[in-house]
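Engineer: The lines below spell out each chain.
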Amino acid sequence: MTISQQIITIGVIALGTALTRFLPFLLFPAGKPTPKYIKYLGKVLPSAVFGLLVVYCLKNVNVFSGSRGIPELISIVVVVGLHVWKRQMLVSIAGGTICYMLLVQLVF
Amino acid sequence: MQKRSEILKKAFCTAFPHTIPIFAGFWFLGMTYGIYMNVSGFSFLYPMLMSLIIFAGSIEFVAVGMLLGAFNPLQAFVMTLMINARHLFYGISMLDRYRGTGWKKFYLIFGMCDESFSINYTAKIPEDVDRGWFMFFVTLLNHLYWFTGATLGGVFGSLIHFNTEGLDFVMTAMFVVIFMEQWMKEKRHTSAVLGVGLSLVCLLVFGAENFIIPSMLAILGVLTLMRKKNEKGAEDL
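Line by line, the protein sequences give chains C and B. My numbering puts the first residue of the first sequence at 150, with every later residue one more than the last. My numbering puts the first residue of the second sequence at 143, with every later residue one more than the last.
Not one of these hints is a red herring.
Facing chain C, from chain B, some residues (calculated, C-beta under 10 Å): (1) Leu-223; (2) Arg-228; (3) Ile-234; (4) Val-319.
List time: in silico DSS-like cross-link candidates among lysine-lysine, alpha-carbon distance up to 25 Å: (5) Lys-235/C to Lys-327/B; (6) Lys-181/C to Lys-370/B; (7) Lys-188/C to Lys-329/B; (8) Lys-185/C to Lys-371/B; (9) Lys-371/B to Lys-192/C; (10) Lys-327/B to Lys-185/C; (11) Lys-370/B to Lys-188/C; (12) Lys-188/C to Lys-247/B; (13) Lys-247/B to Lys-266/B; (14) Lys-192/C to Lys-266/B; (15) Lys-370/B to Lys-192/C; (16) Lys-329/B to Lys-192/C; (17) Lys-181/C to Lys-246/B; (18) Lys-185/C to Lys-329/B; (19) Lys-192/C to Lys-327/B; (20) Lys-247/B to Lys-181/C; (21) Lys-371/B to Lys-188/C; (22) Lys-329/B to Lys-235/C; (23) Lys-370/B to Lys-185/C; (24) Lys-327/B to Lys-188/C.
Keep in mind that the hints were calculated from the coordinates and are not lab data. Glycine included, C-beta positions come from ideal geometry on N, C-alpha and C.
Bound conformation, chain B alone (with noise of 0.2 Å):
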């Protein structure tokens, strides 16, 4: 029988090399997000304890500007649960993937961000390598690139001393980004041209503070009546 630490070694080595471009990417966004908050004139510990207790990229982003804006915490909750809502889809991806992992489970699911989805879900881990522990140091590792990221960034955000004007736009690219990636990956395109298409409708109709929640509830009733109307042809939009 291994011993444990040899056990815990070997799930490190073998977990380390998937997660070096996620160090590559979350280096670059976490420190962008700490930058961004601190021209926004937050303190380093906002970015430092979000990026810990929250882990998810693109609400902490959005976040910047509720912690802007006036005091609505039931808006800042149903604004995290529709950005976030894709989390759900993840997890029921990963209800079997995790299952077994005893005291750990608790920590993959709090940790399940994109990536760590991404590579626990798709990564082929070899026989004599523990699973539970390969995924925790996934998670892990990623969870410890994003809160050092937007920590430096926070922190040396105000010794930067070039001009920050429009570095907001990171965000935008990166939505476009994973938009396009979507976009690449499937067949039809009928709910990526409906979520543009009512969102639009949606912001011209009830402006730019109020565009999101109706714009959610008429994606949310299209596609379930696309659903209803057409049973079968409906399933792979």
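Chain C on its own, in the form it takes in the complex (with noise of 0.2 Å):
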């Protein structure tokens, strides 16, 4: 990518990003009653967002190949379970990271 591209993409995502919170003030101002489909949506999609960007981070896991995606899965068992036993995001997010970092860099 050339640095103009660069600059584009950047544009592109920050003037993404201002539209999705922009949008609902354009488009529902005060007063006005929300159509029930957003509001089924509004309160349906975030659960399979997220679940979509956790598939997406892992996207690149090969399951037959090189570390079979075992580091992978061991350190999403330690967030999973420091999250449940602390329910303390950054501890639960450092704790699975440093996990990860240990297992790739020195054992497999």
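Combine both chains into one complex, guided by the hints.
Structural biologist: In structure tokens:
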């Protein structure tokens, strides 16, 4: 990517982000009721999107070669375990990341 | 009547304690993001400017991969909309709360990240504190934490001598935690299971580079069908 292509990419991301934040205020001005379908999506979409994001993060894991996704699996178990135990976002994220770094650097 | 400086001071002093946990979180994640950009070969100017003008953690992490890949602004735009689609729902929740805040409303909406939204939506603001300024300072402080964290990470990333291999897993860990938080909050997990399941199917069918958009369409389609099929029952998926 050239510098100008990078600037366009960053600009597009900034614009898209701002759009997602401003759009409801433009579409649903104060005092008017929100359509039911939008309310429904507002309720059900977030869970699915977070699931998609987890899969997105793991998209390059190959279960048939290399470390076969074992470091990822162990570290996710650590994240889930820590989060169930302490429910402290930072502890879970830091613990899982440190575990993963140790695994890929020292074990696999 | 209170003097303007007193109103500001009071709002700031009330807002600041609410943001202390965000300070810890944003410095950790912001620095990690800055370091991640640094080790990916970018100057500190990138995380500095991106944290300032985008101010949305997850898409900024994803943007690193985009900037390293082939030039595809349309996909970048669609990805941004999809990853940040949840902002639409924050906006819907804040339609009333941000009303009557004057010029500050523009900045409040611009800086409405997950954390600013959470505090501004849930905080019980005392009667004698100006609501608009309170929410303004919450948003501004969060923005400042993220910006300084990302910039410091970007500047000092090159000075960090420990082996950073695997540091990018912080993003996976972050989304696993957000997914869990959502999971623990909801009664039924249909949507969460659909999100993971349909994405995995699309990943297998379309491959790692092209599965995001089919996944989103599949999720949107199935959720819409489920609503039409069972108007009442689907309301609380």
